[in-house]
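K.L.:
The chain contents come next:
There are 2 protein chains.
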Amino acid sequence: MFEAAEVGRKLSKSDYKAQVPRLRWELLEAQQQLRKAPFPVIVLFAGVDTAGKGETVNLLNEWMDPRWIVTRGYTDPSGEERERPRLWRYWRDLPPRGRIALFLSAWYSSPIRHRVASRISTSEFDALLDQVAAFERALTDDGAVILKFWMHLSKAAQKKRLASFEKDPLQRWRVTKKQWRHWRMFDKFVAAADRAIRRTSTDQAPWQIVEGEDEHYRSIVVGVELRDAIRRGLERAREGRTRSRATAKTRESRPARAIDRVARQFNVLDNLDLSRQLSDARFKTRLAEQQSRLNLLQRRARQQGVSTIAVFEGWDASGKGGAIRRVTGALDARDYDVIPVAAPTEEERAHHYLWRFWRHLSRAGRLTIFDRSWYGRVLVERVEGFAREDEYMRAYGEINQFEEQLVGHGILMVKFWLHISREEQLRRFHDRTRTSYKKWKIGDEDWRNRARWADYTIAVNDMVARTSTRIAPWTLIEGNDKNFARVKVLTTLGDRMENRLKK
Amino acid sequence: MFEAAEVGRKLSKSDYKAQVPRLRWELLEAQQQLRKAPFPVIVLFAGVDTAGKGETVNLLNEWMDPRWIVTRGYTDPSGEERERPRLWRYWRDLPPRGRIALFLSAWYSSPIRHRVASRISTSEFDALLDQVAAFERALTDDGAVILKFWMHLSKAAQKKRLASFEKDPLQRWRVTKKQWRHWRMFDKFVAAADRAIRRTSTDQAPWQIVEGEDEHYRSIVVGVELRDAIRRGLERAREGRTRSRATAKTRESRPARAIDRVARQFNVLDNLDLSRQLSDARFKTRLAEQQSRLNLLQRRARQQGVSTIAVFEGWDASGKGGAIRRVTGALDARDYDVIPVAAPTEEERAHHYLWRFWRHLSRAGRLTIFDRSWYGRVLVERVEGFAREDEYMRAYGEINQFEEQLVGHGILMVKFWLHISREEQLRRFHDRTRTSYKKWKIGDEDWRNRARWADYTIAVNDMVARTSTRIAPWTLIEGNDKNFARVKVLTTLGDRMENRLKK
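Residue numbers (this note's numbering), protein chains in the order written: chain C, 1 to 503; chain E, 1 to 503.
The reader is advised that the hints may include incorrect statements.
Since the list can't tell identical chains apart, any single copy or any two copies may satisfy a pair.
[Unchecked claim] Simulated pairs of lysine to aspartate or glutamate, EDC-like, Cα-Cα distance not exceeding 20 Å: (1) Lys36 - Glu347; (2) Lys177 - Glu498; (3) Lys502 - Glu83; (4) Lys36 - Glu348; (5) Lys36 - Glu346; (6) Lys439 - Glu424; (7) Lys439 - Asp168; (8) Lys177 - Asp214; (9) Lys13 - Asp214.
These aren't lab readings, by the way, just hints derived from the structure by calculation.
Could you put the whole structure together from the sequences, leaning on the hints where they help?
P.N.:
Shown next as C-alpha cells:
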C-alpha cells in the first residue's frame, strides 16, 4: 500500500513555481463558489511524523481565504472531552455547509495509537474503524465532501529527515524524544495504518496516500485534489444529486499537467531494476532447488489443508505463462488449478464482477493460480473505460474485502506483477510475429494495449497503492530477464508458503 | 424493535381474497419486465421458527413464474463448503441479472446461531455482521435489489402455534425437539436478532419486520413489498441511475389499500390500554415515593459519573411538559438540563441534523432531558415531507448508531412516547382554547398536526419498529390519565437507573 509512496516523487522548483499561481486562483475561485453551496468540505490529514501534514495545512490556509476555513489539530482529549463519547469533539467542530475544515490527527489518530500500543485488540480496532466509517457515511450521505490524505515517508526517509532537523538550529524544535520513539515503532505504526486505510477507504471517502518527501510535490498534489473535490461537489449540487458520483466524469481535468507527468515518471514500476539477470547456468541450479522446495512445501500444505492463491498480472508478453509453467512443473497435477481469465462470458457478465472468481475457489490444501484475475477491473476495465471511475474506485475496497475473507479463512494470497520495459516488450512482440509457432500469441489487442502504456502505468501504480496490503501484498517482478523473473517468482512463492505453514 | 410485530395484525379472509388476484398479476408483470432488466432481486427470509418463512417462499413460487426464481434454503455447511470462506456458498447461488432469488436462513443464520450459543463474542459477532453488510453493499452498489424480511412471532404466539401443530396430525411433523429447544432460547435469540437488524439495516438493504401470526396479512405484506421493490428497481434502471433511491417517489403506490388499513388499525399504540388511571390520593403517595427515589438515584449517578439521557416524544398536548416537570421537580438544579427542541435555527440547518444534539451532550453524571429530540427526523420531518423518504429511512440507522455510541460510552438512554387518544387530544385542545393562561399552548400548527393523526400513527409505529432496541428501548406511556402517565414515567426512569447504577 505504501510502496507507491516511497518512489521518490518530486517536482522541480520551476515546475512548482509555474503551477502555484494558477492553482491558488482556482482554489480561491472554488472556495468562493463553495460558500453558497449546500455542503461542507472536510479534509483529514494523517500519516507519518514530519511527512508535511502541518506544513500542508498552513500552506492551504495561506493559499485560500482563511476566514472560511476551520483548522483543528487534536491532541489527547481533555477531561471535558473524555466525559463524552469519542466522536463528540469532532461533531462539535464540523464545518457548516459552505465551509472547509482542515483536521489534523482527528478521528483516526487515537484508534491507530491505541492499536500500536496494543491497548486494544484487532477486533476492538476494527470496531472503532467501523464506527468511524459509519460516521463518515452519515456525513457524505448528507452531502459532505470528505477527503482523507495519508502523508507518507519511508522509514529511511523519515530517519534522514529527523536527523537533518536536529542539525538545523531553526528546525531543532521539531524533533523531540517522542518523534524518535514514534520512529522506532514505524513498522507497527504502518501495519496499523495499513489496516485502517484498507477498511475505511470507501468510494465516497477514499484515502489518498501522498508521498511526503518532496514539499513541492506534496503541496501541489493536495491542492489539486482539494480543488477537484470542491469542483465535483459543486457540479453534483448543480445537478441536484445527493450523493457524489465519486470522481466520475471529471477525469480529463483531474491531475494538473505537471503532476500527471510526475505520476508517469515516478511510480512503483520505475523503481525496479530491470537490468537484473541470472546466467543460464545459475538459473538451472536455482530452478531445480526452488522447484523441489516448492514440491515439498505444497505436500505439506495439502496435509495441513492450507490453500494458496497465486495471482499473476503483468504486461502482455511479460512472461506470465512461462513463470506459471515453472511453478506447475514442480507440482503434482492433483494439487493445483490454473484458471486463465479472459473476457467474461455471457453468464459471467450477468453477475457481479467478483462472482466468477468466487466460483473458482478450490477445496482446502490446493494451489490455485489465476492467470490474470479480478484485478482486471482496475486495469484493463479502467483503462478501456469498461468500468466507470466510481466503479473501479469502489472495486479497490471490494477487492480488499474479498481478499480479507480469503486470508481470514486461512488461505495464503500471493500476488505478482510481472514488469518489463516498453523496449523489451517491443522486442518480444517482434519475436512473436517472426516465429511461426509463437504467432498465435500476438494480436491487434496487444498492440492496442501497448499504445496505452502510460495509462496502464498509472493504473498499476494505483492498484499497488490501494491493494498491496499487509495480508495480501503485491510482489513486483523484474521481468526483462526471464531467468531472473522465474526464479524470483518461485522463491517468493516458496518463502511465503514456508512462512505460512506449520513445521 | 419487535414490539411493532406483536400487535396482532391480521387481514380478513375476504380482504385477502379481494387482494390476491390483482397482486399476483402485478407480481407476474413485474417479474416479466425484470427479465430484461440489468439487475437481480435478492430476497432474504429470516426470523422466528413457525412464523411462516417457508410458507411464504412456497407461496411466492406459486404466485410467480418459478422458472425465473432461484429458491435456496441453507442448513449446516457441507464439508465442501466448510473448505471455502463463509460467503462462498451464497456467492455461488447469487441470481444473474433479471432473476429473483429467495433465500431462506442464509448469511444471517449462522452468525446469529453462533451468538445465541455463545460460541462467539459480541465483537466477533459484530465483525461477521459488518462483513455481511459489506457483502450486501457490494451487491447493491452493483445494482442488485435486496429485500430482507424478518418474520416475527411473540414468544407466547410461538408457543401457542407449536402446541397447536403438535395436536394436529397433519402438522405434527413440523414440531420436533429442536423447535422447542429454540423456543426456550427465544429471548437470547431475539436479543441477537435485535443487534443484527440494528447493525445491518441500511438504506439500500433495509430489514422489514413482518408480523407472522396471520397468514393472510404476512403473505400480502411480503407480496406488496416485493412488487414495489421490483418496480422501484425498474424505474431506477429506466432513469439510468446506479443506486436505488431507497423508496422515494413511489410512496403513493406503496401499500396496497387493505394493508394500509391494517397498518393504521393495528399498531403499537392501539395496543395500549388508555383507560388506565390513578386516583388523586394514590397519585400523591406514589409521586412522593418515586420523586424521592429519583433524587437518591440521581445523587448516586452523579457520584458514579453515570449520565442519563431521557427523550420525551408524544402527541401535542399529551403531557410531555407536565411529566418533565415532575422529573425535574425531584432533582437538584445542578444535576439536570432540559433541552427543548423546536425547529432548527439557521446555524443548525447548516449542519447534519444530528449535529445539534451532539452539542447538547452534557458532562458525566448528569440527567439530560430532551423535550422532543432527534426523532423529529422520522416524525414531523417525515410526515410534513421535510425529509425525503430516503433521508428518513437512512435516519433510523444513523439514530441507532448515535444511540449505540451514547450507550457504548456508558450513558443510560430512556425514551418515552406519551400517547393519548384522538378524543382526549380534542378535549385538551378545547380546554386550552378556553382557559386564558393555557391559550399560548395551542396554535394552528397543533390543529394541522392533529389532521395528520393517521400519518403520525404510521410514523410512530415505524419509529418503534426500527429504533426500539435492546440498548435503547422505547417505553410507551398510556397518557389519557395524567396521574397514571406521570407516575409511569417516574417509575420507568427510576427502574432503569437503578438497574444501571452500581449499589
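K.L.:
Return the numbers of the hints above that this structure violates; sort them in rising order.
P.N.:
2, 7 and 8
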